[in-house]
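Peer 1: Sequence:
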Amino acid sequence: MRPWRHGGPSVRPTAFMELVRTVGYHSSAAAWLFYFYPIHEAWAAYLPQNRQEEIFGSDGLVVDVFTPLGKVEKDGEGYRLSGEWKFASGVMHSEWIGLGGVVPLPDGPQPCLMAIRTDQVEIVKNWDTLGLRSTGSNGVRCENVYVAPDMILPLATTVSTRMPQTTDFDPEDPSYRTPFMPRFLMGFPAVALGGAERVVDEFEARTKNRIRIYQGGQAEAQNPSGIRALANVRLRLDTLRASFDAYAEQLEAWTDQKHHVASDAERERMFALRAHIAREAMLIAVDVQTMAGGSAIFKGDPIERFTRDLITIATHTTHLYEDALQGYGKALMGIGAHPLW
Numbered sequence: 001m002r003p004w005r006h007g008g009p010s011v012r013p014t015a016f017m018e019l020v021r022t023v024g025y026h027s028s029a030a031a032w033l034f035y036f037y038p039i040h041e042a043w044a045a046y047l048p049q050n051r052q053e054e055i056f057g058s059d060g061l062v063v064d065v066f067t068p069l070g071k072v073e074k075d076g077e078g079y080r081l082s083g084e085w086k087f088a089s090g091v092m093h094s095e096w097i098g099l100g101g102v103v104p105l106p107d108g109p110q111p112c113l114m115a116i117r118t119d120q121v122e123i124v125k126n127w128d129t130l131g132l133r134s135t136g137s138n139g140v141r142c143e144n145v146y147v148a149p150d151m152i153l154p155l156a157t158t159v160s161t162r163m164p165q166t167t168d169f170d171p172e173d174p175s176y177r178t179p180f181m182p183r184f185l186m187g188f189p190a191v192a193l194g195g196a197e198r199v200v201d202e203f204e205a206r207t208k209n210r211i212r213i214y215q216g217g218q219a220e221a222q223n224p225s226g227i228r229a230l231a232n233v234r235l236r237l238d239t240l241r242a243s244f245d246a247y248a249e250q251l252e253a254w255t256d257q258k259h260h261v262a263s264d265a266e267r268e269r270m271f272a273l274r275a276h277i278a279r280e281a282m283l284i285a286v287d288v289q290t291m292a293g294g295s296a297i298f299k300g301d302p303i304e305r306f307t308r309d310l311i312t313i314a315t316h317t318t319h320l321y322e323d324a325l326q327g328y329g330k331a332l333m334g335i336g337a338h339p340l341w
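First residue of the sequence shown: 1, per my numbering; consecutive thereafter.
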């Protein structure tokens, strides 16, 4: 998802989301990284042009942790960064990493991404989790690493202006034609939907072939409660797909309109859609897990694995359900919004 001038493809939002969803049907963890590696190049496209050339010219993978946990101190024209961050998905194979910290910029302190090379951090191998276990989303720490001022991306400014730190860019490039956060986060609904589709398909196949020993040997395909359960999750999946399509269609419209800065209400609606999709995908999986019975509780069973993955996906900060509804409600009432998502 890098800019055209650095070899980026002209991939429309819907096409990218469908690619991620397709991978997600087979593996949530694979889809997570399939989405993360290309999209995490997006923020580097907002650095000055010489830094873009350095990062994109290296052909190294880019990862990040937005959470502003770093300790930042001024050092000459630049800054020194220290701290520890969790959830650095893909860090094991990356060359560049952006780490969050509140930077005392000349215009005032602001949460920023500070770009450094991955060999300047220590990888903390702490990724032992409920789900998404094969993403290798380990933690990182660094101590007193120098960061030049032109390797710093002010997040609030980027979200509010959608303008890179250079005048040398192509405004026709999709990298700059849609609101930053809704585009940057578009893969999460795709990962969740792909996993939910797989779970429901697995449940349908088992429902058609299941024999209920303690129901007198009755075939589940002839059991009214089993038939109703299948119809319920299939209908919920259909509504989930409609929410996914609404998200993708909004990105497509913004791209065509060159609508690069979203209002609070527009941005928070996308936040709410992401949260709804993640939460409902998780709830569908949990219901299927319990309705499928003992066959689905063994480690490595597709339903068991996807359920764990979808629960883990639903906990991600960029689509926490309560935060999203609060942000969307505040925006609708004209009393503010979430500061970032």
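Think of the hints as simulated: they come from the structure by calculation, not from any bench. There's no promise every hint is true.
[What the hints assert, rightly or not] Calculated pairs, EDC-like style, for lysine to aspartate or glutamate (alpha carbon to alpha carbon, straight line, at most 16 Å):
#1 Lys86 to Asp128
#2 Lys330 to Glu266
#3 Lys86 to Glu122
[As the list claims (entries may be wrong)] Computed Cβ-Cβ distance ranges for the label pairs, DEER-style:
#4 Pro302 to Asp59: 51 to 57 Å
#5 Thr157 to Lys208: 51 to 57 Å
#6 Asp168 to Pro109: 48 to 54 Å
#7 Ala253 to Met333: 37 to 43 Å
#8 Lys208 to Glu143: 45 to 51 Å
#9 Asp119 to Thr157: 45 to 51 Å
We treat Cβ as the ideally placed atom computed from N, Cα and C, and that holds for glycine.
Peer 1: Going straight from one Cα to the other, do Lys86 and Asp128 come out at no more than 16 Å?
Peer 2: Between Lys86 and Asp128 the Cα gap is close to 12 Å, so the pair holds against 16 Å.
Peer 1: Is the gap between the beta carbons of Ala253 and Met333 within 37 to 43 Å?
Peer 2: Between Ala253 and Met333, where Cβ atoms are some 25 Å apart, the hint is violated.
Peer 1: Are Asp168 and Pro109 spaced within 48 to 54 Å by their CB atoms?
Peer 2: violated, 28 Å
Peer 1: Between Lys330 and Glu266, does the CA-CA distance stay at or below 16 Å?
Peer 2: holds, 12 Å
Peer 1: Could you say whether the range 51 to 57 Å given as a hint is met by the Cβ separation of Pro302 and Asp59?
Peer 2: Hint violated: Cβ distance 35 Å, outside 51 to 57 Å.
Peer 1: So does Asp119 sit 45 to 51 Å from Thr157, Cβ to Cβ?
Peer 2: violated, 29 Å
Peer 1: Range first: 51 to 57 Å. Now tell me if the beta carbons of Thr157 and Lys208 are that far apart.
Peer 2: This hint holds: roughly 55 Å between Cβ atoms.
Peer 1: Would you mind confirming whether the straight-line C-alpha gap from Lys86 to Glu122 stays at or under 16 Å?
Peer 2: holds, 12 Å
Peer 1: Range hint 45 to 51 Å: satisfied by the CB atoms of Lys208 and Glu143?
Peer 2: 58 Å Cβ-Cβ, so the 45 to 51 Å window is violated.
In this structure, the earlier hints numbered 4, 6, 7, 8, 9 are contradicted, and the remaining ones agree with it.
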